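Participant: If you read the sequence shown in my numbering, its first letter stands for residue 30, the second for the next number, and so on.
Bear in mind the hints are in silico, worked out from the structure with no lab data behind them.
None of the values given here were measured: they were computed from a predicted structure.
Fair warning: there could be bad hints in the mix.
[As the list claims (entries may be wrong)] Straight-line C-alpha distance at most 25 Å; calculated DMTMM-like pairs for lysine to aspartate or glutamate:
id: 1; residue 1: Lys126; residue 2: Glu74
id: 2; residue 1: Lys31; residue 2: Glu74
id: 3; residue 1: Lys165; residue 2: Glu124
id: 4; residue 1: Lys165; residue 2: Glu136
id: 5; residue 1: Lys126; residue 2: Glu89
id: 6; residue 1: Lys31; residue 2: Glu73
id: 7; residue 1: Lys163; residue 2: Glu124
id: 8; residue 1: Lys168; residue 2: Glu140
id: 9; residue 1: Lys126; residue 2: Asp141
id: 10; residue 1: Lys150; residue 2: Glu160
id: 11; residue 1: Lys165; residue 2: Glu73
id: 12; residue 1: Lys126; residue 2: Glu153
id: 13; residue 1: Lys168; residue 2: Glu136
id: 14; residue 1: Lys163; residue 2: Glu136
id: 15; residue 1: Lys163; residue 2: Glu146
id: 16; residue 1: Lys31; residue 2: Glu53
id: 17; residue 1: Lys126; residue 2: Glu140
id: 18; residue 1: Lys147; residue 2: Glu136
id: 19; residue 1: Lys168; residue 2: Glu74
id: 20; residue 1: Lys31; residue 2: Glu48
id: 21; residue 1: Lys163; residue 2: Glu74
id: 22; residue 1: Lys168; residue 2: Glu153
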Amino acid sequence: MKQTNLHELNEQVLLEETEPLAIEYNGRLVGYFYPVSAMPSAMEEIDRTFTNLVQQWRNETIGISSTTDLVMHPAYQQIIRMGPVVIPLLLREVERKSGRWFHALCEITGEDPVPLEKRGKTKEMTQLWLEWGKAKGYKW
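All chains should be modelled from the sequences, with the hints used to inform the complete structure.
Facilitator: Right, dumping it as structure tokens:
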């Protein structure tokens, strides 16, 4: 995926772009730009990037039990910065019971379908997030 600095972006660059762009600011990834013409390959790239970050997060957080440490890990934070496009991928991971993705979903969506009395009950939290995703029309 091509990379560019936020300062170098302008409307003309975006109009002429045919490939996905990773946008950086002060040396940190801050987002992605996907032109319509690149959507099929962009979705494959998003899935690949997401999968690689999940694997990195898993490998580098083995043995860590602190939720704060888990969600502050750079790979987890990069997944959050990928934005709403990864919501179906996160829901897929929640369904597979493959990690602590509730925080990422809350951060990206600005929502939390889990009432206070259900917090900490992973099975019920999982079900509530999956129901939320289906109600919002997400497919995974």
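Participant: Report the numbers of all earlier hints that the structure fails to satisfy, in ascending order.
Facilitator: none
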